[in-house]
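Novice: Starting from the given sequences, assemble the full structure and let the hints guide the process.
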Amino acid sequence: MTLWLTMVAIGIATFAIRFSFIYLFGRFEIPDPLRMALRFVPPAVLSAIVFPELLMPGGDFDFSLGNGRLLAGVLAAMVAWRTKNVVLTILVGMAVLYILQALG
Amino acid sequence: MHSSRQEFAAGIKAELPLLVGVIPFGMIYGVLALAAGIPPGAAQAMSAVVFAGSSQFIATQLFGVGAPAMVIFTTAVVVNLRHALYSASIAPYLRCLKPYWKVALAYLLTDEAYAVSISHFQQTEGEVDCLRPDQRHWYLLGAGLALWSTWQVSTAVGIFLGAQVPSSWSLDFTLALTFIAILVPALKDRPAWAAALSAGVVAVLAYALAYRLGLIVASLVGIAAGLLLESKS
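As given, the protein sequences belong to chains D and X, one line each in that order. Residue numbers for the first sequence follow this note's numbering, so the first one is 56 and each next one is one higher. Residue numbers for the second sequence follow this note's numbering, so the first one is -15 and each next one is one higher.
Incorrect hints may appear among the rest.
[As the list claims (entries may be wrong)] Interface residues of chain D toward chain X, partial, derived using beta-carbon atoms under 7 Å:
no., residue
1, 85
2, 92
3, 99
4, 102
5, 103
6, 105
7, 142
[Claimed, not checked] Below, a list of computed lysine to aspartate or glutamate pairs in the EDC-like style, where the Cα atoms sit at most 20 Å apart:
no., chain 1, residue 1, chain 2, residue 2
8, X, 86, D, 84
9, D, 139, X, 173
10, X, 216, X, 173
11, X, 86, X, 113
12, X, 172, X, 95
13, X, 216, D, 87
14, D, 139, X, 95
These are computed hints drawn from the structure, not numbers from a lab. All values derive from a computational prediction rather than experimental measurement. Glycine included, C-beta positions come from ideal geometry on N, C-alpha and C.
Specialist: If you want it as structure tokens, here you go:
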């Protein structure tokens, strides 16, 4: 139940964001500081999720070669940097993780 | 000036190459939603109700680790704030439309539909004249509906596949990889790097905070770091 309520609330808020300036056109402009801040939302939020996923698998800090997710994630990031290809990044990351799991 | 049907078809056609990236994304979302314990019906409904890939992924991830509803809501909405920029930039081209058109096109205003439509709007007959209406909004409708239907179907396929995948396959890790794939190419300048690195470090340091609040604290620190560096340069 909470799941559905949360989902509907996110849906309504998302629509409101998308509708906002289409509706308000001519009545209101985005202030410049806010416009600048919005640019940093994706990198900040995404890496705030990714860093713990890589550095704290299972909830404990693990900065070592034994941490397969960290190694796989770093290699995947290099692939993403070079190719900008989402599918290839995922495939390489998963392949590295599987290989390390098979070796370990 | 083109007819509504020509605009609609051109919008769909322009959207096709982007769908190649969207299909695996939708399927992965379906798989992950089940892995995170979201029931199939709710997972499918989220693709229609929210209809925003990255915030669906984030909501899924946070639901999977048991974050409270308020944190899930806040984070998912913050991630979607960038759509306000799209809304502002496309608004002049939609200003003459009837309200039901505005509502429909706002619902369909995703990253991908916006990207192709804004360049079409900017490249064709500049000024919008409400006394001499054109049909260019059909282009956005075509692009938006092409993406919408692809997203729903690929979600459904992912849910179907996800039901057969054992958890030992570590498929939850594809979520982190997807974020890496979106994040890394977006790091084009020093302020963006500063935002990403500082948010990441703070997220690890603040991981133990209750209610997964560390995520929100880290995001705010990252945004502040980006702004700070930008104002200096």
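Novice: With reference to the structure, classify each hint as holding or not holding.
Specialist: Status of the hints after comparison with the structure:
A least Cβ separation of about 5 Å between residue 85/D and chain X falls short of the 7 Å threshold, and the interface hint therefore holds. At about 6 Å, the closest approach between the beta carbon of residue 92/D and any beta carbon in chain X falls short of 7 Å, and the interface hint on this residue holds. With a cut of 7 Å, the hint placing residue 99/D at the interface with chain X holds, because the nearest CB-to-CB distance is about 3 Å. Look at residue 102/D: its Cβ gets to within about 4 Å of chain X, closer than 7 Å, so that hint holds up.
This hint holds: residue 103/D has a C-beta 4 Å from the nearest C-beta of chain X, less than the 7 Å allowed. The restraint placing residue 105/D at the interface with chain X holds, with a minimum CB-CB distance near 5 Å, inside the 7 Å limit. Checking residue 142/D against chain X by beta carbon gives a least distance of about 5 Å; that is within 7 Å, so the hint holds. Our distance criterion of 20 Å between C-alpha atoms is met by residue 86/X and residue 84/D, whose separation comes to about 18 Å.
With a C-alpha separation of about 16 Å, the suggested pairing of residue 139/D with residue 173/X holds against the 20 Å cut-off. Under the criterion of a C-alpha separation no larger than 20 Å, the hint pairing residue 216/X with residue 173/X is consistent with the structure, at around 13 Å. For the given pair, residue 86/X sits about 17 Å from residue 113/X by alpha-carbon distance, which is consistent with the 20 Å threshold. Distance check on the hinted pair: residue 172/X and residue 95/X sit about 18 Å apart at the alpha-carbon level, within 20 Å; holds.
At roughly 16 Å between alpha-carbon atoms, residue 216/X and residue 87/D fall within 20 Å of each other, so this suggested pair holds. Of the pairs offered as hints, the one joining residue 139/D and residue 95/X holds, with about 16 Å between alpha carbons and a cut-off of 20 Å not exceeded.
Hint compliance for this structure: every hint is met.
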